[in-house]
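Chemist: Each chain, written out:
There are 2 protein chains.
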Amino acid sequence: MDTIKHIPENGKTRIVIIGGGFAGLKLARKLVKTKYQVVLIDKNNFHQFQPLFYQVATSGLEPSSIAFPLRKIFQKRKNVHFRMAELLEVNPNVQEIYTSLGSLKYDHLVLATGVDTNYFGNKNIEEFGIPMKSVSEAIFLRNSILRNYEKALNESDPKKAANYMNIVLVGGGPTGVELAGALAEMKNEILPKDYPELDFSLMNVYLFEASDRLLSGMSEKASAKAKTYLEKLGVIVKTEARVADYDGLKISLADGEEFYSYALVWAAGVVANSIKGISEIAASRGGRLRVDMYNKVSGLNNVYALGDLALQKEGEYQNGHPQVAQVGLQQAAVLGKNLINIQQGKSMKPFHYKDRGSLATIGKNLAVADLPGIKTQGFLAWILWLFVHLMAIVGVKNRFFILINWVWNYWTSDQSLRVLIRPDKRSFTDRASKKHQIKDPVNLN
Amino acid sequence: MDTIKHIPENGKTRIVIIGGGFAGLKLARKLVKTKYQVVLIDKNNFHQFQPLFYQVATSGLEPSSIAFPLRKIFQKRKNVHFRMAELLEVNPNVQEIYTSLGSLKYDHLVLATGVDTNYFGNKNIEEFGIPMKSVSEAIFLRNSILRNYEKALNESDPKKAANYMNIVLVGGGPTGVELAGALAEMKNEILPKDYPELDFSLMNVYLFEASDRLLSGMSEKASAKAKTYLEKLGVIVKTEARVADYDGLKISLADGEEFYSYALVWAAGVVANSIKGISEIAASRGGRLRVDMYNKVSGLNNVYALGDLALQKEGEYQNGHPQVAQVGLQQAAVLGKNLINIQQGKSMKPFHYKDRGSLATIGKNLAVADLPGIKTQGFLAWILWLFVHLMAIVGVKNRFFILINWVWNYWTSDQSLRVLIRPDKRSFTDRASKKHQIKDPVNLN
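Sequence order for the protein chains is L and F. Numbering of the first sequence is given in numbering that gives the first Met the number 0, commencing with residue 0 and proceeding in unit increments. Numbering of the second sequence is given in numbering that gives the first Met the number 0, commencing with residue 0 and proceeding in unit increments.
This is chain L alone, in the form it adopts within the complex (with noise of 0.2 Å):
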């Protein structure tokens, strides 16, 4: 395998970061006017943010106000080079990565590749069910409840056309939750305007949780106040509720129970992306990649694991940190931090989380939030997440159209990003890279 090209042998000193995500990119921002070379690598040319991806998804924002285009980034940064690649194979001993554009050699590795969805084995939810965990798959689950209704439309029949007007979460965290409430909102505020023919009173909005209550991560308090919150726009919420199967229309739940939908969006469980070459040593639960108090890969050198892939036993947290923004935004900071340190002979510092807090949000004016010294549930406590989400928007512009978006939204009531654009149909051939067999750097189909 040839080399990547175009990264410069100057002498520096080489961080090679794989994935660029909140933990990735924030040791990347560190590293800008270091005296290191740093390579950032990700299958995608932008950043994404995940916390509001269900907006994406309920027609309330577009996919570009929360993609951030890496480059546009980094456009300043002589030292920090961008590849949109995906890695296939680390080897440790040589301490060198073998990518979609070829091989590099690291001095330092630091993965940040997070985690994707965990349908635990079942092939038919992994088949028929909805993920959420990037931007793609934001807007597939936009365009699928739009076409969902527009079938609904066409059936005589009001029970099968509930069929494709009823959506199940299956998953209470924050994402199911989050989904919840924004589409009980939709059910109830903005599709009957669109679908005066419908007869919304036999749609359902359903949220499964496993477990016995939602938001597990947070407070007992902030748990039932969101129940109570979903349940007063409707949202039909039931825990220890486990999904056992589901064939694009008949939801099964372990205890026997049916429903019926043609859009399952599956926010159950989460697992790390494999790495071969590093996943074998150091593997554990969840696919995590266990690493020390500096976020080592326990067993290599110079391989660093951050974020939601990383599994750090400390304190109260002997099965890892929640795999939340803060955690791997934190480790992100230290491990930068003690990267500087050890070009100048200092020593290292041990990582220690500082939890900051959890916030939830339920539909447009309530969430619930668990800070440090204070719990608040309602509308404080959703500007408290408004605020909080949009100071961690990467870039004013951004920040800028979001609150706009947010404010027109508010007002109006209505969203006008209900529009089901379909990807054009040459987008999954390279045709001409075949016809003149030319390796696509990204071929992920």
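Bear in mind the hints are in silico, worked out from the structure with no lab data behind them. Small disclaimer: the values here were computed from a predicted structure and weren't measured. One or more of the hints may lead you astray.
Unchecked claim - Straight-line Cα separation of at most 27 Å, DSSO-like style, residue types lysine-lysine; simulated pairs:
1. K231/L / K220/L
2. K42/L / K75/L
3. K192/L / K42/F
4. K192/F / K424/L
5. K424/L / K132/F
6. K132/L / K424/F
7. K192/L / K75/F
8. K11/L / K192/F
9. K192/F / K4/L
10. K336/F / K29/F
11. K249/L / K424/F
12. K192/F / K42/L
13. K348/F / K363/L
14. K424/L / K275/F
15. K122/F / K159/F
16. K275/F / K42/F
17. K158/L / K249/L
18. K312/L / K132/L
19. K249/F / K192/L
20. K424/L / K249/F
21. K186/L / K42/F
22. K34/F / K104/F
23. K104/F / K29/F
24. K192/L / K32/F
25. K77/L / K132/L
26. K122/F / K424/L
27. K42/F / K158/L
28. K159/F / K42/L
29. K4/F / K159/L
30. K29/L / K192/F
31. K192/F / K75/L
32. K4/F / K186/L
33. K186/L / K77/F
34. K104/F / K159/L
35. K192/F / K77/L
36. K32/L / K192/F
37. K336/F / K75/F
38. K159/F / K104/L
Please arrange chain F on chain L, whose structure you already have, making use of the hints.
Modeler: The following block gives chain F in isolation, referenced to the frame of chain L:
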């Protein structure tokens, strides 16, 4: 075939409009407060603003800024019913249409399905060329350009890299001219910042036009200035250049010259969409349907055609009017008035086209404008272009967003929309439909 559901039979005269583009949408809006029942059918659930596709393709605008959900437009209009469906056939003898959602009887049928890309029978160009007649195609073009640049980065041979960097536009009408200008600006101002490792001195944007001048529908002065402006931006403009073949890499002109590019945009011709049951009777040049002075299709009763699809002989337009938005919009306005007139027992008025002028933009501060009484080129024409297009955009919010986006791009000479959002791989299979053998109302694949 069953009838389309939920369209009431309430004694009202039914006007069925096929196509929610400029003409179809305008006509539907004209008929909202009348005694007619209007059924608007389009294969997309949104109206797309074609003049700005080139901005989506060059990452200057979000797709949703120029896609307007049709249901939202007619939310409060009880006498207008929208269906997302594809027209399969018309039976004018029994005044019935057959669609992917079912059949429907009409009292009046208005066809406004427009035109699509014409490859003039060249199968290679159809396979390897990239068209731009829909927002999905504009997105695909954007993704292709971004993908090609990532591929260019992986070529050590500068000539091969150039094959990925070059872009060829075929067709010197407004589409080709506007795209060429925007791409040249990307080359000059943006791409070197995103790809500092690439040598842009080797990259070329080509514009090939088969006739002897660009913008042949405009004045000689406009043509000449457009060419001057483009060449100043670095575009290589060749007139009297016919593309004979393209194999995905090599472009062969009729005179034997060869060029190399993995990106060829085909905007060199249009052909009217064929309509089974109608085209056999009334199609003429370019597939356009012959209509009389009232836009009634020749040889049929109660069937009308508007816009690009229609061929109406009037005065100097013995081969039909130019296929531009203004014509469709004016015809729709007159037909709308006429349909209201006949319901009130008044007579119909014939259509007379008022040429309000043409505009084409080149880059971000130049344009050419032919208006009644005045021809202007340069910055003033550009301001005019901006104003006319903003006013034409449907919906207050979208106007606002487009304005902000434009102001930002102008100010920063940069675009933060360079995101390659791939369609989710599920997009092309409707697994649940296949399994449950449900007819997908709009199966275009």
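Chemist: Would you mind marking each hint as holding or not holding in the structure?
Modeler: Results of checking the hints against the structure:
1. K231/L / K220/L: Since the Cα atoms of K231/L and K220/L sit roughly 16 Å apart, the hinted pair holds (cutoff 27 Å).
2. K42/L / K75/L: holds, 22 Å
3. K192/L / K42/F: The hint holds at about 20 Å.
4. K192/F / K424/L: violated, 31 Å
5. K424/L / K132/F: Given pair K424/L, K132/F holds - Cα atoms ~14 Å apart, limit 27 Å.
6. K132/L / K424/F: With Cα atoms ~14 Å apart, K132/L and K424/F stay inside 27 Å; holds.
7. K192/L / K75/F: holds, 7 Å
8. K11/L / K192/F: Holds: K11/L and K192/F sit about 22 Å apart, inside 27 Å.
9. K192/F / K4/L: holds, 18 Å
10. K336/F / K29/F: holds, 8 Å
11. K249/L / K424/F: holds, 23 Å
12. K192/F / K42/L: holds, 20 Å
13. K348/F / K363/L: Not OK: K348/F and K363/L at ~51 Å, beyond 27 Å, violated.
14. K424/L / K275/F: The hint holds at about 23 Å.
15. K122/F / K159/F: At roughly 25 Å apart (the allowed maximum being 27 Å), K159/F and K122/F satisfy the hint.
16. K275/F / K42/F: holds, 16 Å
17. K158/L / K249/L: Holds: K158/L and K249/L sit about 13 Å apart, inside 27 Å.
18. K312/L / K132/L: holds, 26 Å
19. K249/F / K192/L: violated, 52 Å
20. K424/L / K249/F: Holds - the C-alpha atoms of K249/F and K424/L are around 23 Å apart, at most 27 Å.
21. K186/L / K42/F: holds, 24 Å
22. K34/F / K104/F: holds, 17 Å
23. K104/F / K29/F: holds, 21 Å
24. K192/L / K32/F: holds, 18 Å
25. K77/L / K132/L: violated, 31 Å
26. K122/F / K424/L: holds, 16 Å
27. K42/F / K158/L: Holds: K42/F and K158/L sit about 26 Å apart, inside 27 Å.
28. K159/F / K42/L: It holds: about 23 Å lies between the C-alpha atoms, which stays within 27 Å.
29. K4/F / K159/L: holds, 13 Å
30. K29/L / K192/F: Roughly 20 Å separates the two Cα atoms, so the pair holds.
31. K192/F / K75/L: Distance of about 7 Å is within 27 Å: holds.
32. K4/F / K186/L: holds, 21 Å
33. K186/L / K77/F: holds, 20 Å
34. K104/F / K159/L: Distance ~25 Å between K104/F and K159/L Cα, so the pair holds.
35. K192/F / K77/L: holds, 10 Å
36. K32/L / K192/F: With Cα atoms ~18 Å apart, K32/L and K192/F stay inside 27 Å; holds.
37. K336/F / K75/F: holds, 21 Å
38. K159/F / K104/L: holds, 25 Å
Hints 4, 13, 19, 25 from the earlier list are contradicted by this structure; the remaining hints agree with it.
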